[in-house]
Amino acid sequence: MIPAGKKFELILFLVLLGLLYVAIELSRRGIKVPKIRELAALQAIPEVVGRAAELNRPVHISTGIGGLSDEWAPMTIAGMAILRNVVEYCGKLGVPVKYFCIRAHMLPAMQDLVRSGYVKGGRPEIYSEDMVEFIGDGQQRALMAAMMGYITREKPAANILLGATFYETYISLGCGAVQGCLQIAGTPRLYYQGILVALADYPLIGQELYAAAAKVTGNPPDLGSIAGQDYNTVVCLILIVISTILATIGSALWNMLLKW
Amino acid sequence: MLSLRRREICILLYIIPAAIILINHFTGELSAATSEVLLWASTLATFAILLGVINLFQHHITILARRRREWPYSTILLASFIVTFAFNYIYPTGYDFVINRLLASLQMALLAYVGFYSYTLFFRASGTKNPYVLILLISILLGLFYNLPMRDVIWTGWGPLGKWVNDVPNTGGMNALVIGVGIGTIALFIRTILGYEESYLGG
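As you go down the protein sequences, you meet chains A and B in turn. In this text, residue positions in the first sequence follow this note's numbering: the first is 1, and each later residue adds one. In this text, residue positions in the second sequence follow this note's numbering: the first is 261, and each later residue adds one.
Hints were generated in silico from the structure; no laboratory data involved. Note that CB positions come from ideal geometry on N, CA and C, so glycine has one too. Any given hint could turn out to be false.
[What the hints assert, rightly or not] With the C-beta cut set under 7 Å, the calculated list includes, among others, these residues of chain B facing chain A:
{"#": "1", "residue": "Asn315"}
{"#": "2", "residue": "His319"}
{"#": "3", "residue": "Gln367"}
{"#": "4", "residue": "Ala372"}
{"#": "5", "residue": "Val374"}
{"#": "6", "residue": "Asn390"}
{"#": "7", "residue": "Val441"}
{"#": "8", "residue": "Ile446"}
{"#": "9", "residue": "Leu448"}
Taking the hints into account, I'd like the entire structure generated from these sequences.
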């Protein structure tokens, strides 16, 4: 039924899934709701949007090149959760937003997210279809050009980049820094941690993006899933230590497990 | 069926293909169904592009109709779209010219900006008051000296040091990223099948 080389993988998958489920359920039932420390980037959202309202300038938001149908989906979804909160603040203060959509399948979801953000903010009349603009499916260069052009021409008061970001991080944050935007940026992608620290006023380093997304929703299941991810990380760390010891002493046990 | 709400249908549409793909991954017994599901995904993605193109035209035609400040850019974009689309079907040589000569050059020019911002990062980072920046600056210096053609003339230790940084901390960091992405994906999967994750449904 289960071919060789897949049994250990399946057991590990089920263990990780089980731990996550337990953490989510414990949090949902209020037995163990994890607390997440204050994150400067989240606390800065009212300030950043308030500045945009004072300057009468828009806010540029982006989830980067990642979509909802690839391995970067968790990052994109975490970014969307925070951006929903940002748009709600924009609705309260009457600030327009701009989002360049690079994944066609995300277009309806992002249009809905922005529209409902303004509705929740109490200013549905501000929303216009122009706020979410499609620029080409997976066309990273088009996204970079669109971001650079928009930030240079419109000079948004704030530039918020949260999700699975790639090269466009350089363009967006670099251009935003030149134009004097207040910048909130976060991605768990390793290559871009340096530029986040250097150019964003409020960076979310590494896995902080997931924690921020859970904190901003405030839902116990979301908070529980963050705790569950921590438990999973501990399991992975234990496995790394065990496999390192086994490899160092020359044991074939680990290889046998992987081939099981 | 009528009692099912929109949200539950969406979750079912997520669970069924996910289950097929997962069972196939671990047993290899649903390969035909998996191929079919992936084919459906491609078909749906194609229709999504159609939505995107409609949005693109709506946006730029509105700009042209209202004679907004950026109307010349919209004219260029719409003209480029129509010409490239037409060339693809009626004049393949022209299409190749547009893609290989015009678009490739423009894309390379745009990528040069990435290089520009990367190189100016060092100077921007120098003015930032953040303890992480120190680590960044040290890494930048190490990377710069490691890639210098004359590095061994300055100090013979740059080669081994740079190689160690690249092979050990960098590889460790990359592996940590892969583990983080994997765990994040599993968390997303369980949140979605339990109905707690709704961001992908929009508002």
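Hint by hint, here is what the structure shows:
1. Annotation: B/Asn315 was flagged as interfacial toward chain A, and the flag holds, the nearest CB pair being 4 Å apart, inside 7 Å.
2. Because the closest C-beta pair between B/His319 and chain A is about 5 Å apart, less than 7 Å, the hint holds.
3. With a least beta-carbon distance of about 5 Å to chain A, the hint placing B/Gln367 at the interface is held under the 7 Å criterion.
4. For B/Ala372, the interface hint is violated, since its Cβ never comes within 7 Å of a Cβ in chain A; the closest pair sits about 11 Å apart.
5. Contact between B/Val374 and chain A, as hinted, is supported at the beta carbon level, the nearest pair being about 5 Å apart and thus within 7 Å.
6. Here the hint on B/Asn390 is kept, as its CB sits about 6 Å from the closest CB of chain A, short of 7 Å.
7. Interface restraint check for B/Val441: the shortest CB-CB distance to chain A comes to about 6 Å, inside 7 Å, so the restraint holds.
8. The criterion of a C-beta within 7 Å of any C-beta in chain A is met by B/Ile446, whose closest approach is roughly 5 Å, and the hint holds.
9. Given hint, B/Leu448 at the interface with chain A, holds; its Cβ is 4 Å from that chain's nearest Cβ, closer than 7 Å.
Consistency note: the structure conflicts with earlier hint 4 alone.
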